[in-house]
Structures are given as structure tokens and as C-alpha cells.
Amino acid sequence: MSRQELEQLGIKIGLEIHIQLTKLKTKLFCGCNADYRDMPPNTYVCPVCLGLPGSLPSVNKKAVEFAIMLGLALNSKISNKTLFYRKNYFYPDMPKNFQISQYNKAGGVPIALGGQMILKFKEYDKRINITRLQLEEDPGRISYDGTILSSPIAYIDYNRAGITLIEVVTEPDFETPEEARIFLQKLRSIVEHLGIADLSLEGSMRCDANISLYGKNRVEIKNISSYKDVQAALNAEIIRQKNIYKHGGEIKQETRHWDSDKKRTFTLRTKEEEQDYRYFPEPDLLPIEISSEMITSIEENMPELPDDRINRFIKEYKLPRYDAEVLVITKSLADFYEDVVKKYQKPKEVSNWIMSDLMRHLNTLNIEINDSKICADDFIELLNLIDKGTISGKLAKRILQLMMESGKKPMEIAKEKGLLRINDLKKIQEFINKVFNTQPKAVSDAKKDPKAIHFLVGQVMKLSNGRCDPQITNKLIKEALNKI
Amino acid sequence: MTEDLTDDDIKHVAWLARIKLESQEEINEYKTTFNDILRYFKKINEIDTEKVRPTFHISRSVNRFREDEIKESLKEDEIMQNVPKRKDKFIVSPRII
Ligand SMILES: [Zn+2]
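First to last, the sequence lines map onto chains H and L. Quick note: the first sequence, position 109, residue 220 per the numbering used here, numbers continuous. Quick note: the second sequence, position 92, residue 321 per the numbering used here, numbers continuous.
If you're looking for bench data, these hints aren't it; they were derived computationally from the structure. Some hints could be false.
[As the list claims (entries may be wrong)] The calculated lysine to any residue pairs, modelled on SDA-like cross-linking and capped at a C-alpha distance of 25 Å, are: (1) L:K260 with L:D233; (2) H:K484 with H:D146; (3) L:K318 with H:P206; (4) H:K198 with L:R282.
[To be verified] Take a look, some chain L residues computed to stay more than 10 Å from chain H by CB distance: (5) D237; (6) E296; (7) I325.
[Stated by the list, open to error] A few chain L residues that face chain H, going by a derived Cβ cut-off under 8 Å, partial list only: (8) A243; (9) Y269; (10) P283; (11) I299; (12) D306; (13) I308.
Ideal placement from N, C-alpha and C gives every residue a C-beta, glycine not left out.
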């Protein structure tokens, strides 16, 4: 659907994003190792995160500092006093039968309130208002034999239980799924620039969305597990709601579940309503007071944020704004760019290479620069080889792809695949002779019409897999034609 | 909180706690007990708290933090000693939808 079509639907979308603070060494309320990925189930658990009687939680100071950093980056108001609340529910993913979270009602104040992010699009700027930021603990992971419906039992792994989450809640300010995706992309870049999480890790950024059309009932979509999926999930839900309205039906307020395999949303039966969670202040944790000195000292040590980095790229490397914005989409890509430009000082050329070929290969392989096998030094070597004329720009594109797949050095690939440029006159002449022998008609054409020479050059390039130096080839063909 | 709880309220609270109430006698028993407790709170509600600020903690101290340092977790046999059913390193529970 085009933006105009979407506008007519009166779409309102709000997001709730859960971000794991993966740069913390320990969990939110206990000293268990937080680096649980790839660990056997139930390895990093202790009396606190298992909810054993008599155990007491204590707050990870760094988690609070990280949350303040994110609040400041999103222009939120940091609360001077904040509390933890118990959200009570009976489900095996939380062994305590409650989740320690924060609450914005019944006297509760989350760690930060308000804030905004400005999204830049070609035709317009969009301001997204943030409602609040809160700290809470991640539940454990449950898996099943097959699906939840077919499995009589559940397998529980509490390694994730107690991992620190920041929940970012936005106002329903998004009017297109694209805006939601761009927001998540930018939020991710901010989080990574702050150094509080690596969101390329599986399940480290999860999103729920609420969406309504024409100002009518709101549907909540759960389980959008990857930020890349948000646009697909919202599009699917918009089409579903639009069709129901088109046929005179009504949308009921409900919670739906996004199935990323089937690419559609399903009704999710939830019997708990907000009052059923019986939120009350966590008696085992003292309130947190955040002094203005603490905020100032965190503010003074804030790293460079994406918007500042974009402006610096424009100034320092004379890049167009568009280039700078694309490069800073992820911190790792911007870091890669700067690593290359430090030693290969043609910033616009590097940007062109990254934005076209490198990013295309990343997309095809569906990986990020950190997961690809290419390193900055090898990429610089490739660019130098083009400059020296050792390989042609065209073949360099192929070599780049092979570098990203294999992690081999450019020269190694060029030799292995026979992709080095041929400058040797004798060798080029051999190719020309072959072409002249097989294409007599083209040769006589070229003798009459000098423009037809391009065809012969093209044939030589084709025969040599693009390796012959085109200028030398051109010159030698002209000479050969004159001799006929 | 001013109205007495009904059978449906009791059934809902039981469901929230995943407790199975077998008979009407059981429901009646909980209903009586719950309503007694609520009547007691009604009594407390009569106190004029207009000028009293809400208290969430009786202690006046704040900011008891922990540094982000890894502590040893429990050993496998310690974890599993309270676990009624396991499979390999997983804890097994009935499926709850
Ligand atoms: Zn623990």
C-alpha cells in the first residue's frame, strides 16, 4: 500500500519495545551470569531468580545507570524517585509467580517519563512521543514438544529469568508500518551507540504493537520477535482490519499473536486483565532516588549518539546526508566505515562501495557486517588493488562477494579464480586474434564504421572474463584494424 | 471493595492462582473467609487518611545497590533438588495456556 492509501485508513500504532541490556554482566536482581545464550538450560540460576523462599533481590546499579542513559538519549524526564512493583501472574516462566516490574499507576513512577524521537523521511519529518521507560525482569523460556497446542508438557529454562529489560512505551503516533520500522531501527542504533546492548543477538529486542484503524477499536499484537518483522506484522494486521471494515464488520478489542512463519496474526485467548495482575509495590526492594548530580555525571559521559554521528559524517567526510544516515543505521556499519576511511582516505568512494555492493551482499546473505567474514583491512586492500589497476572495478564487485562469503583476502581470490587484470600486450593480442577470426563480419563493420569497434572490445572483454585492460584492448584493436 | 464477593469472583480468583475448587462447599468456604477479610479492610478504610501521605516502604533508606559482578550460581543438583520432574537439564511442568 502506498503512503496515500495508508493515510486514508486513519492508522494509529503504538509500540512497546523490550530491550535486553546485554552489556550487563549480571541479571537485574541477582549476580547470576547474564550471558546465557548457548548455555545449557538452568545453568545460571540462583535462589533469587528461582524465587526460593527467603531470598532477597538487590538492584544492579549499572542497570539503573543504563536505563538513565537511554532515557536521556530519548529526551525523557528522569524520575527523581522510582519504585519497583510486583506484577502477579501464575505462569511457569516466572518461578516467583510474579514479575518485578515498574508501574505508572497506583502511586508507581517508572524510571523515566515522556521523551521523543524525530524520524526523518524524504518528504517529511515525524515526531514520535515516548510515554515511559521502565525496568523489569525477563521471564524464563518455555519450549514444547512441537507446538504449544500439541505438547502436553512444557520444558522450562530459567537462564533468561531475571535478565534486565528496559521497556520503551510509545504514544500511538505511528501512522504507517514503515514509521514503526524506522523507529525501531533508530532506537536500536541509539542503544548500540550508548553501549548498553548488542541488539543483533537473537531475542534481544522484542516488540508488541497496538493498532487501530479509523479511530476504532484497538488490537494488540504480541510476539513480534524481531524488529525486522514489525513492518510485515503491521501490514498483515492492517489488511485484515481493512477487509473486515470493508465488509461492514467490526473489529473487537483483543490481543492477537503474530505468526512469523504464516505471516498473519491469530487471536490469542487472554483471560487476565490489568486488574488481575494485582500490581503492588515490591516490599523487598527499597525505592531508588536519582539525584540531579547522578544524572549530570551520566550526561557528561554519554557517548556520541547516532544523530550527532550523522552530522559529524557530513562535516568530517563531506558525505551527503543520505549517505550518512544509511551508514549510521547500525553502529557496526558506521564503525566499519570509519575503520576503512581512517586508512583509505576517499570517504565518498568508500561510502559508495558500502552502500551499494557491500550492503546488497549483506542483505542477500541476511547478515550484519559483524557476522560477515570481511574485515576493514581486507576491504581497504581491495580498494587499493582497484586503484593500482591490478583488478578491474567490475571484477572487484565479484571479489567482494567472495570475500564476504569466504573471509579470504582479495588477492588470494583474484589469483585463485583468475580474476587479475591482463596488461600484457601479447596476451591481449591473442584474445583479439581469436575474436577477429570468429567474427569476420564485425571486423568488416568496424572498418567501415569506427563506432562498431565497441562491439569488438566488448567481445574481447567477454572472452577474457573482463580481465583485459579495456584501454590497451581498444588501442590494439584500432591498430589491428588499420593493418587490415 | 464495598460489595461482598460473589461465587464468580471466587472462581475467578481461584483461576488466577490456578487453584481448582471442587465443590460449592469449597467456594462457600472461601467466600466466607474472603468476605471476612474484606470487612476488616472496610474497617481500616474508615480511618481518615486525608492528610497522610501514602507509604510504600516503612524503611526510610533508599538506593541499596549491587555492583554488576558475577556471583556463582547454584549447582545442578542444588537446582534440581526441589524439582518434581525434569528432563535432561530442563524443568518440566504441565502445559499452561
Ligand atoms: Zn540468579
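| message | For a C-alpha distance cap of 25 Å, please report whether K318 of chain L and P206 of chain H respect it. | response | Holds. K318 of chain L to P206 of chain H sits at ~16 Å (cutoff 25 Å).
| Once the shortest beta carbon distance from A243 of chain L to chain H is found, is it less than 8 Å? | Interface hint status for A243 of chain L: violated (11 Å vs cutoff 8 Å).
| field | Claimed clearance of chain H by E296 of chain L, with the beta carbon kept past 10 Å | value | Check fails; 6 Å does not lie beyond 10 Å.
| query | I325 of chain L: least C-beta distance to chain H exceeds 10 Å? | reply | violated, 6 Å
| request: May I ask you to test the interface hint for P283 of chain L with respect to chain H, counting a Cβ-Cβ separation under 8 Å as satisfied? | output: holds, 5 Å
| message | Just to be careful: measuring from the Cβ of Y269 of chain L to every Cβ in chain H, is the smallest value less than 8 Å? | response | It is violated, given that the least Cβ distance between Y269 of chain L and chain H is near 18 Å, above 8 Å.
| Can I299 of chain L be said to touch chain H, with a Cβ gap under 8 Å? | holds, 5 Å
| query | Holds or violated: K260 of chain L with D233 of chain L, Cα cutoff 25 Å? | reply | holds, 9 Å
| message | Tell me if the straight-line CA distance from K484 of chain H to D146 of chain H falls inside 25 Å. | response | holds, 24 Å
| Is K198 of chain H close enough to R282 of chain L, meaning Cα to Cα at most 25 Å? | holds, 23 Å
| Taking the least C-beta to C-beta distance, is I308 of chain L closer than 8 Å to chain H? | With a closest approach of 6 Å, the I308 of chain L hint holds.
| field | 10 Å cut-off, C-beta based - D237 of chain L kept clear of every residue in chain H | value | Holds, because the least Cβ-Cβ distance between D237 of chain L and chain H comes to about 13 Å, which exceeds 10 Å.
Hints 6, 7, 8, 9 and 12, counting from the list given before, are not met by this structure.
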